[in-house]
Structures are given as structure tokens and as C-alpha cells.
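Enquirer: Using the hints, position chain F against chain C.
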Amino acid sequence: MFPTLVAMLLFIALPIVSVITQSVFTPHDAVLIETENCNPFGCKTETIIDQEATAQRRSEQPLGKFVGLDIYFDRGHLAINELSTAWEASESVGDFLDRLNNLPLYRALGFTLVFTFTVTPLMLAFGLLIALGVNSLHRHLKGLAIFFSLLPMIVSPLIGSLVLYWMIDSRGVIGSAIQWLFSDPDLSLKASTTLTWIMLIVYGVWHSAPFSFVVFYAGLQTVPQETLESARIDGASRWEQVRYVIIPHLMPLVTFVALIQLMDNFRVFEPIVGFRSEAHATSLSWFIFNDLSGETRQLSSASASSVLTIIGVAVLLAPVLVRTWKDFAAKRA
Amino acid sequence: MLSSRKAPWQMRLFTGSILVLWLILAAFPFLWTLWGSFKVELDFFSKEDWRSALTGPRTLVEYGSAYTGAGYDGAWVEEEFWRSALNTFIVCFFTVLISLTLGTLGGYALSRSTYNYTFWILIVALIFRAMPPITLVAGYLLPFFEWNLWGHLATSIIVLVAINQPFTLWMLHSFFSKIPKELDESAKVDGCTQFQAFRRVIIPVMWPGVITTGLFSFLLAYNDFAITSMLLSKENQTMIPKIASFLGTTQTEGNVMFAVAAVVSATVPLFILVMFFQRQIVSGLTAGAVKG
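Chains as they are written, first to last, in my numbering: chain C, 6 to 338; chain F, -13 to 278.
One chain only, chain C, in its complex shape:
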């Protein structure tokens, strides 16, 4: 057991500490020196960067200089100043939200939340419908249906989103089908923000519905037949059987799937890369990734967003943790 603990401590707990420390430091400013250049036409002072001294200072303290919580409050993150000006300047809540949308972190947060809270219920409903459908199939067809249903979930999110992205391209098969449907040859799903969001949400449901399907399908196998039988004798229609017998039986599974999906949808990242939708929709994970990639790795900025994201996850998980703790305490008592 100790190797596991050591591994988790070293590579998960320590990085968190490192992320937190990095988030309060920022790279050193370059060391500037003023020199006086004199030539026959007079003297002028020039400010140049002392490369040597800068490099030395940077290698002595690789973390950079301490800035406290400044990074958290700057325009790229929580943007406290911009927030208060926007609040004062805007006339209505809608206007305020509009202004909020111009701040990168809030834009990412907004999409992440919308994505998480639309995809999760949709995939639950969709998964249940598929499970009911597969369950009433003939035995030989079931295996095949399950095989195809698993595919969208098993493939890498990046691959899955790319496959769909190429199809909805204005020259791809779904893209041209939609153009034909609305008889608008210039219609492109990638050009509008609303359509991009819808597209990403559709992808999210497509990707995660198999998970809820499989769990619900397994749950359906354990539905007590006697209860169903008696419900039928009492004259319950098929819909009433689903509503009053099957769904209550599956309720614990619904909470389980919802919990896992909340966690997974909150970290939505690959579809944004795959669909190249960063102009219209960004997520918190993408926001961090964007800071880290490229020539200048903005570690401090990325660390600050990471800490904020972790806090977000903690808030999301809090109710569940409290419940688990109560269960555990009750079990012990």
C-alpha cells in the first residue's frame, strides 16, 4: 500500500503544492542598465537589458519574484477591477454578463458550466432510453448493439471530436446535409457561437451517453420481476411501469453516473482542440493548456488558473463529499 501512497503524494500532492507556489510568483523583470553613449554629436542615455544579470537572477531564483495574489486578480484571471467597473457601468444583468464575457477566465468558466450542466442531464436521459431499447432487443442482437454503443466512449475524445469535426465541415457530409436542409449554401456550424456551443454539447452527449447506457443497462438486469409483475396486474401501462418501478430502482445509479459525469464534463478539453472552437467557446482546461503551450510558457498564469479550477472542482464535489462522510459516519455508529 505504501508505494501507492508515495506515488500519489509525489506526483499529485506535490505538484499541487508546486502549482500553488508558482501561482504567487511571476518571472523576474529584466535587469535594466542605463548607459551613456557619447559621439561627436552629443551624448544620450540608452536603456538596455543587461542579459547577463537577468540570466543570473533568473537562474538563482527560478520561481521568479513573489507577487502574492496579484496574478489571481489581474485581467487574465479574476479581474477584480474590471469586474467592479463592469458592474457599475452596466445597466442590466444581461449587459453585465455581456461584459463578463470579454474576460477570458469568465468566458471559459461560463462555457464549462453550461457544458457540464446541459450534457449531464441530457446524457442521463439518452442513456436510459438506449438502455430500455437494447433491453427489449433479441438476445443475439444485444451484443452487437452494445459493441457499437461503446465506441463513442472508448475512442479518445480528441479522435472522436475530430471525426465529427470533419463530418460537420461545410464540405463534409453532415455539413452539406445541413446546408441542403436549410437551403443555405453559406451556413457553417463553425461560424456562429451558438451553433458551436450546440455542436460541442451534442458531441458531449454523444461521447458520454454510452457510459450511462451501460450502467443503466446493468441496472435493468436487476429490476425485481415481482414488483413489475404486480404493477402490471394492477394495470400499470408500460410508461407507468418505467416511471414508478424502473426509474426508482435505478435512482442510486443515476446519482453515481451524474457524479462521475459532473467531474468528467467539468474537465472538458479535447473537444475544444478537436473542433478548433477556441474563438467561440473555451473551457477552463483549455484556458490552462493555452497558457502552457506555445513558445512562452506562462507558468504563473497557468498555475493561478489551475488553482482556481481545483477550487471549482472542490465546490462541485462538496455536496457529494458531505454525503459520503455522513454515510460513513452512520455506518460506523
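Accuracy of the hints is not assured; some may be wrong.
Heads up, simulated SDA-like pairs for lysine to any residue below, C-alpha to C-alpha not over 25 Å straight-line [claimed, not checked]:
#1 F/K167 to F/Q266
#2 C/K331 to F/S97
#3 C/K331 to F/F105
#4 C/K195 to F/T272
#5 F/K220 to F/F75
#6 F/K220 to F/N241
Note that these hints are calculated values from the structure, not bench results.
Being a predicted model, the structure only gives us computed values, none of them experimental.
Expert: Chain F in isolation, oriented as in the chain C frame:
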């Protein structure tokens, strides 16, 4: 059985059509891309007529046949996709091996321990599992640069193992909890030490759980993009970041087809995996659920 004999035909039609719709949604994109990967770009992305992706008139003009392996040739030979495939194999193999070794020991100890702290360890693992892996990357980068560890396969294997650990621990914990304690005890009565009981009694009965957990560790390592794209240097890239880097260079014609071919190549192992291990995947997905 949900007594389909009594279900009214409207109901059956409704669930049936949802099911058919879903199966088309689930399978069609993959079949379409597989088919299209043997065409040239102007056929796969055809402005004039969507049917040319099926029949491939331009592919016929260019290569004399309706099918061409040019995309695959470009991806595997020209862009050295085989190197990424090899890297992926190494990363997945060692990640699975190490996480299972650590995970079985840890999961077994946790399931047999009677102390309170087991609960806390599992809760901490749950929180770690919930965190997006990318949030940790910023923490890895600076030390890895300082110690010159960045870019190596071994580094990302260890990181992937660590990120895998919470999940592995949960899953194996729930599998081990199902193995009755009496089994250990009877082994100990017969004179085994705790470790011998684990080696000789538990290991032989735990294979289903270990295989399932291994499958999911494999999927995690195989599908990972955030970690591998940030921590591996260009020549050590695994398949998924490699595909992402194809996307950056789609300006020249033909490159899109490289990416399409690479995507299909990366999906094939997963297809095979699902085909052979469908039962284990299903049981793994439901392992945590049915219990609680």
C-alpha cells in the same frame, strides 16, 4: 425481461427508433471516416456532391482506382507516425504494468485494513480523480525543466501512473472487497503469512478485477492528450498529440488526409479491444455503480 410481448406497438416503435437512431449515430461516423480515409481530400471533403466521398471520382482520376493508401503512406512513412505508435505502445505497456503492481498492493491493503484512515485515503483519491489532469501539468513543468527530466518517455510514464493511481485504487479496492476475508484467514490458519496469503490465495482469484482495471488504465494512457502533449518532446510524442500536431499543418493539400489516416489507425486498436474485452469493459463500468 421487460415483457416485450405486452408492450404496445407505439412504445416498441418509439424505443426501437431511438435505438436505431442511436446505433447510426454511434457507428456511422467511424465507418464514414474509415471509408473516406482511402480517398483523396477533394473527395472526402467534396463541395459539389456528397456522394463523391463514397465513389471517389477524383481518387479514380489521380490514382487509377477508387481507393488509395496515400493518406496512410503519408502519415506512417512520411510523417513517421510509426514512431508515435511505438511510443504509445511503450507508454501504455509500462503504465499499465506499474499501475497494476502498485494498485493491487494498495487496493488489497486498503480492503483488508480496519483503520479509519482508509476512508480518508479513498476520499483523497476521489478528489484527485476529480481534478482535471491539466491542472497538475503546470506543477510538473518547472521541476522537470530544472532537473532535465522533461521530454522523456519514462517521465510521462511515471506521471501517467500517478494520475492513474486514484482510479486504479478505487476500482481494485471494490474488487478486493468482494473477495471474502475468510479466504485470507483460512490461509493464515494453514500457516501462511499475510504476504503469502496475498500471493498464493488472493492473486489466483483476483484476475478478472485486475484485467478490467488494466483495461481502463490502458485506455487512460492511450487516450491521454493533456499530459503527453505537454510533457513529451517532439520526437517522443505518442499518437494522440501527434495527430493534434498534424492539425497545425493542414494548409498544404493532402495533409488533412494524413490526419484522417492517422485517426483511423489510432482507432483500430480500440476497435479490437472493445471486440475482445466487451464483457470486461461493461463489468468495469458497472463495478462501482451496482455496489453503491
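Enquirer: Decide, hint by hint, whether the structure agrees.
Expert: Each hint, compared with the structure:
no. : hint             : verdict
1   : F/K167 to F/Q266 : holds, 24 Å
2   : C/K331 to F/S97  : holds, 20 Å
3   : C/K331 to F/F105 : holds, 12 Å
4   : C/K195 to F/T272 : violated, 37 Å
5   : F/K220 to F/F75  : holds, 16 Å
6   : F/K220 to F/N241 : holds, 18 Å
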